[in-house]
Every structure is written in C-alpha cells, then in structure tokens.
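Protein sequences appear in the order of chains A and B.
First residue of the first sequence? That's 1 in the numbering used here, and the numbers climb one at a time after it.
First residue of the second sequence? That's 1 in the numbering used here, and the numbers climb one at a time after it.
Just so you know, these hints were derived from the structure itself, not from any lab.
Every value quoted in this text rests on a predicted model; they were computed, and no experiment measured them.
For every residue, glycine included, the Cβ atom is placed at its ideal position computed from N, Cα and C.
Do not take every clue at face value.
Said to hold, decoys possible - One-sided excerpt, in silico: chain B residues whose CB lies under 8 Å from chain A:
hint, residue
1, Phe-34
2, Ser-49
3, Tyr-70
4, Leu-80
5, Leu-111
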Amino acid sequence: DAGVIQSPRHEVTEMGQEVTLRCKPISGHNSLFWYRQTMMRGLELLIYFNNNVPIDDSGMPEDRFSAKMPNASFSTLKIQPSEPRDSAVYFCASSLNVGGFGYTFGSGTRLTVV
Amino acid sequence: RKEVEQDPGPFNVPEGATVAFNCTYSNSASQSFFWYRQDCRKEPKLLMSVYSSGNEDGRFTAQLNRASQYISLLIRDSKLSDSATYLCVVNSHSGSARQLTFGSGTQLTVLP
C-alpha cells in the first residue's frame with residue numbers, strides 16, 4: 001500500500017500566483033480531508049469529502065481557497081491568488097468512514113509564498 | 001475554550017524515564033479518541049487508539065476518563081526515538097460529518 005500520496009512536497013511561489021496541491025488517497029478509503037498546519041494555529045481542518053462529495057468546507061479560510069474531488073482517487077486544493085499568510089504545511093488525509101478509525105496522512109506539501 | 005487542550009510542553013526527560021501527557025476535551029458526546037505522534041517536519045501518524053477500559057501497547061499506556069473528559073498517555077522506559085510531538089485527537093460529530101479534532105500537541109525530548 002503506497003499510502004496517501006501528495007504532490008508537490010515543496011512549493012515556493014510568489015504572492016498572487018495560483019497554487020495547486022494534489023492528493024491521492026489510499027485505495028478503498030472513502031473519506032478525504034485537507035488540513036493546514038502552522039506553528040501558531042496547529043492542525044486546522046480545511047475541508048472534508050465523503051464519497052467524493054464535499055461535506056464540510058467551513059474551515060476553508062476564504063474564497064481564495066477551493067477544493068475538488070473529481071473521483072475517488074484524486075483531490076486538489078487550489079489557492080488563487082496566493083498570499084504570504086498562506087505559507088504552511090498542507091496535509092491530505094484519508095480514512096474508512098466506518099467506526100472510529102483514525103486517519104492516514106500524506107507527507108504534506110510545504111508551501112512558501114514570498 | 002478549545003475543543004481539545006494539551007499542555008504544549010516541552011517535556012525534557014532522561015532516557016529510561018516515565019513520562020505522562022494529559023489532554024482534556026470539551027465535547028461530552030465525543031466517542032473516539034486517539035494519540036498521534038508527529039516527528040519534526042513529518043506527517044502525524046496514528047500511535048494508538050484510546051479505549052474506555054484503557055489499553056496498553058508495549059511501553060505505551062492510554063487511559064480515558066469520560067466523567068472528567070480527560071485522556072492520558074503514559075510512556076515507560078522512554079527511548080531517544082520517542083522524541084516527537086504527541087497529539088491528542090478526539091472524534092467529534094458535526095451533523096452527519098465525522099471529524100477528528102487535533103490538540104496542539106505536547107513536545108517530548110528524551111535526552112541521552
């Protein structure tokens with residue numbers, strides 16, 4: 001099992017540019033989560049999908065952020081336009097939506113907006 | 001009040017020591033509890049689930065006190081490799097969504 005795969009691992013971009021982060025969940029997992037982690041705020045849930053449908057996007061900071069899950073094996077998180085305060089590590093996680101199983105995280109994308 | 005609260009530490013302990021971390025949660029309806037471990041510049045990884053009766057996995061023991069809404073993690077005979085941030089995680093339900101809420105983490109450094 002390859003685990004949750006995220007790309008790119010690192011992204012450095014200039015303010016105002018569009019950034020797209022990608023995630024491939026574990027095969028068979030039907031829940032997918034996007035998190036952001038910073039020193040100040042810890043791990044924050046941005047959006048959650050169940051069976052490819054966005055269920056809760058209340059954590060998405062503003063309209064500059066959008067996420068899609070066109071099929072069970074792929075999701076994207078897009079920031080347009082990016083700002084320096086978006087600099088963080090973005091994690092994707094997936095899980096089986098049954099019982100109290102924990103989540104499996106990808107290795108994360110370290111985003112720096114200059 | 002934060003939904004999940006942890007002492008951020010840092011805890012600096014010598015090798016072989018026993019160390020305990022505590023965590024409190026605010027949602028009395030929470031049903032699932034976990035401890036995650038996060039190494040520096042890595043992703044969080046599931047360490048262990050926490051069961052009502054308490055559970056042990058090698059040197060690690062987790063306890064749950066529902067009445068006090070309190071979770072603990074005990075590490076015995078600590079190793080250098082135990083150095084990491086330990087995240088207390090609680091399952092909270094928001095309507096039909098099933099979400100995990102992460103504490104801010106407790107940093108542990110085991111010293112030689």
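When the least beta-carbon distance from Leu-80 of chain B to chain A is tested against 8 Å, hint result:
At about 23 Å, which exceeds the 8 Å cut-off, the nearest Cβ of chain A leaves the hint on Leu-80 of chain B violated.
Let's test the interface hint: is any C-beta of chain A closer than 8 Å to that of Phe-34 of chain B?
With Cβ-Cβ at 5 Å, under 8 Å, it holds.
At a threshold of 8 Å, is the proposed contact between Leu-111 of chain B and chain A supported by beta-carbon distances?
Given a least distance of 23 Å, the restraint on Leu-111 of chain B is violated.
Against chain A, is Tyr-70 of chain B within 8 Å by beta-carbon distance?
18 Å, violated
Any CB of chain A closer than 8 Å to the CB of Ser-49 of chain B?
7 Å, holds
Going through the hint list in order, the structure does not satisfy hints 3, 4 and 5.
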